[in-house]
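Using the hints, put the two standalone chains together into the complex.
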Amino acid sequence: MAIEVDNLSVRVGRKPILRNVSLSVKPGTVTAIVGPNGSGKTTFLKAISGDLPFEGEVLINGEALQGMEPWQAAAHRAVLPQASALAFPYTVREVVKLGLLGGRSGASPAEQRKLPEMALERVDLSGFAGRFYQELSGGEQQRVQLARVLCQVWRPVLDGRPRYLLLDEPVSSLDIKHQLIIMDIAAGFAASGGGVLAVLHDLNLTARFADQVAMMHRGTVVAAGTPADVFNDGLVSDVFECRIQVGVPPAENRPYVLPQSAQIPSRHPF
Amino acid sequence: MALRDDVASAPGWRWQAVAGGDRSARARAVILALVVLYALLFVFSLGWGASETSLWVVLSEWLGGGADALSLRDRVVIGDIRLPRVVLGSLIGASLAVSGAVMQGLFRNPLADPGIVGVGSGAGLGAIIVIVLGNTVLAPVVGMFGIYALPLAAFCGGVVSTLLLYRVATRRGQTSIATMLLAGIALGALAGALSGIFVYVADDQELRDLTFWGLGSLAGASWTKIWAAGPIILAALGAAPFLARGLDAMVLGEATAHHLGVRVQRVKNCAILAVAAATGASVAVAGSIGFVGIVVPHLLRLTIGPEHRYLLPASALLGAVLLLVADAISRVVVAPAELPIGIVTATLGAPFFLWILLRQRGILDL
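Protein chains in written order, with the numbering used here: chain A, 5 to 274; chain B, 4 to 369.
Here chain B stands alone, though its shape is the one from the complex (with noise of 0.2 Å):
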């Protein structure tokens, strides 16, 4: 929290007026823009990979050309590998860039990511405990959950963590922001720590099979996943409209929101669960898969301002695009492997979030 007078007042900010101070028509443009961009994206998609069906065929099947037209093995592509993929990926990005917008509101913090409600920690711990112990200890009930195991550890490591944090930060049925991002930390230090004692006694394979998982990858994507994941996460997007008009209150801080009329608490139960639910549902299918949520909103706010009702469906959208981008990439510059696409977020976002940090210090003005 102490960042926050740090960002509100530093030098960097390039203050160009607004016309009216009216940024709503400038919103709906870019979120229309963004509609079009990602449905384009979304096609692309469909024909992009290493099998030589082609965006033609796709586009043929789809105006209409008849399901004569495509071969049984384009259909299998098409059908159960890419759209699964494709699908899975916009899922998961727009999950994590609404959930970074949401952690940032609540936060009053520009620098605030869905980790900070140790949902990544946790989640990356039971990843970890059935990954090691899946085959010795755990063995029996890795055997019951099958392939599901490895997302449902994950998933209620992430949510566990998170209700954990938030028993520890509410006192009286009033939650401290700024206790729960201490609580974090610790927490955080303590999921790395027993993941520790896990990566200590795994053995090569195991290792492997961690480090790709920390990674992020879409490879993996079914429509299993889907329907496994999909649901909580439309669910917490679908919460996400609701919000807005909170989060925009506390804006000013908790007080005045109250002032105006809002339940704060209500928002703040609302804001964590959702945020839980679908970074716990996204890392768990996906790995962890970095900077999206920061770079996405903070990228929206400098171009459609920072008005929730606006900022939550916007993000949703380049949330979704920026991940497709980035699974083309990772299926290009390997070809014909694949780079796990959470490498290829941070070698983009990383640079990216240094290049805000440098800027709002007022050291590069770029």
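In isolation and in its complexed conformation, chain A is listed as follows (with noise of 0.2 Å):
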């Protein structure tokens, strides 16, 4: 049981963006991708979350997801996008909602109603179900639709088998205190028996939430690991192209990350 990815590449055109990438989600565990921008981090998401055609093969929970239905698939993961706009005028509650569609929830009956309610205050936005999802701040509009997602898959584990939560960006317009409790969240939903895999940027927040780590660079999976055995020196400067230094606190397996410079001075032409 586990989303597995076997030699997954994604061609737009004839160009290829990504390249013979294999990972594994496994329940249990916070898996983060990380690499530069237009490294195919965003394209990975989409093609297993089934919304691009792919070569090679994505199972989750053993079964091929390209012979998935929709429902079906809706019933193993639910997908966080990187930004939603909405063209009418929801209330917060209706959108959270949405995610009640496919009704695989796992809630009981009688939770299924206060699930909305539940939701948003797992994400701190108790009080805004009557606000309306437009006038929201763009932190704020990512936090409900987090609620959303989590609806969708609110029993971590439902008949035996582990669902996963696929997100792209979750914290990109997030205060410091709102990064860490949707932080919080996943790895509570990993330590529930789901799985989850997130796109970030913050290497510091993958460092200390994600217990692997894949790092992406030219579509292609570079190094993959824990985070102690993917954040050094050497790797993480050459693949974001910029002088950054990776310390380890004593008594911790969590490394930090401190950018220095947009300079290499190595390989300076002069």
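In case anyone wonders, no lab produced these hints; they're calculated from the structure. Computed from a predicted structure; not experimentally measured. There are no misleading hints in this set.
Chain A stretches covered by chain B per the calculated footprint, using a threshold of three residues with CB under 8 Å from any CB of chain B: (1) 50-59; (2) 63-75; (3) 96-108; (4) 133-146.
No more than 16 Å apart at the CA atoms, straight line, and that leaves these computed lysine to aspartate or glutamate pairs for EDC-like: (5) A/K30 - A/D10; (6) A/K118 - B/D25; (7) A/K50 - B/E257; (8) A/K30 - A/E8.
We treat Cβ as the ideally placed atom computed from N, Cα and C, and that holds for glycine.
Laid out in structure tokens, this is it:
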């Protein structure tokens, strides 16, 4: 039981965007994808969400993604996109309730009615149910979307099968408190037996919360493992093409990352 | 589609928090009120008209005063003139309003209307061809179908142009909504130009027929028309509830709808087919009646919210109510003659539409 990605390649026209990416997202873990802009992180997330045609194999809990109907895939995983614009004036509660559309939240019927409020409380938006989505700030909208996604897979394990959260930059427009709240939710989902795959830009947040990291560069995974395995001065500096210092505090196995400069002295042409 | 962001972020929306964010109780109350209002209007419309057959007579018949209480003339007036008119008006009002709501959901644009899928322009072209060529080149064909030639041509024109648009916008099983919108504009221009050619060669009587067809009217309502258009409209209206879930999910975009478990392409297919059939049938029997499809769903979104499981049935009811009211007005204003109903809906609808635009631009915050 896991999301198993084997030799996944994606082309747009003739241009290869992803080449032979293999990765597994195990239940009980938070897996992070990091990498510079344009390295293929979002494309990868879209491919395993079923939004893009791809070559290779994606298995979700042993079933091939290609043969799945949308409603079957929706029972296995929920997807948080980078941005969502609404065309009509929905209230926050009405947006969150869309997560219950597939009817596979796993909540009891009694719980189901309160689920939107419970999900909003988790993302620190209790009391926002009656507000209009469009009047919220970008960060609040992002948390409303997360609440919707949580409703879809409220129970991290359903009928003995783990479920997955696929999050595309879930903390990109949030303040530091809410970044930590969201990452705690992800970690809690994994601790309850679900699996989380998140595209992240913040390397320190990644080091703090991810159990597994896959570092992408130009459409391939160049390194994968625990944050301590993957984050080292040389690799991080090479992939992001700038000077970055990585340290590990004593008595902790979680590294931290200090950006130094956009210049790489050793490669400077002069 | 460029309008979408404007509309969503325009300062003109009045943000008034909804207690608990749950408008379903309000929606149910509004739907119930509309049912009552519609029932009252239905009875009222039966007793309303040039003949002296009064509301009282109608009620006495309905409340069991006995068939003897009615004269033969009254029975003809009510059963063969007014009842078909009320039924046809209701069907067409519901069909136009629901089609508008479905198109706006599909295009994620509150200004979309059924005309966007090319039904109107195609139907118009079909009608013009029959009116102008009916006495000459197409005389044998028109003769074969008799009075049904015009509605049939309009219906076929509408559905064919939608299918054409759909083909243009669909690639590898995926329909691009944006392409369909743009292609619709191009096809509309082409149909307009072709219609122009027929208008150019038309004689005075044909021009007059053309103009009246374009204005829309319920004057020729009959049971035969209802039997022709009713089943198509009812089938399309019956499909609408099954679209509600998909349209709600699509409001966050096609990708998110897919993530939520919706078969997006199937929703698009059903929505486009239902709208083409319902609008095609309406236009065929009553000409083009404008603005119902935009005004009704918009008005309802302001009161009960945009959730389609309430919006679609409420639109059907309010569409029918609006058309019955417009029909009553059209029969009074220039009595004993009557105004084409399209003039009434446009006179009411156009200012309202402008008000929506101004309000959303934040220029006029009423």
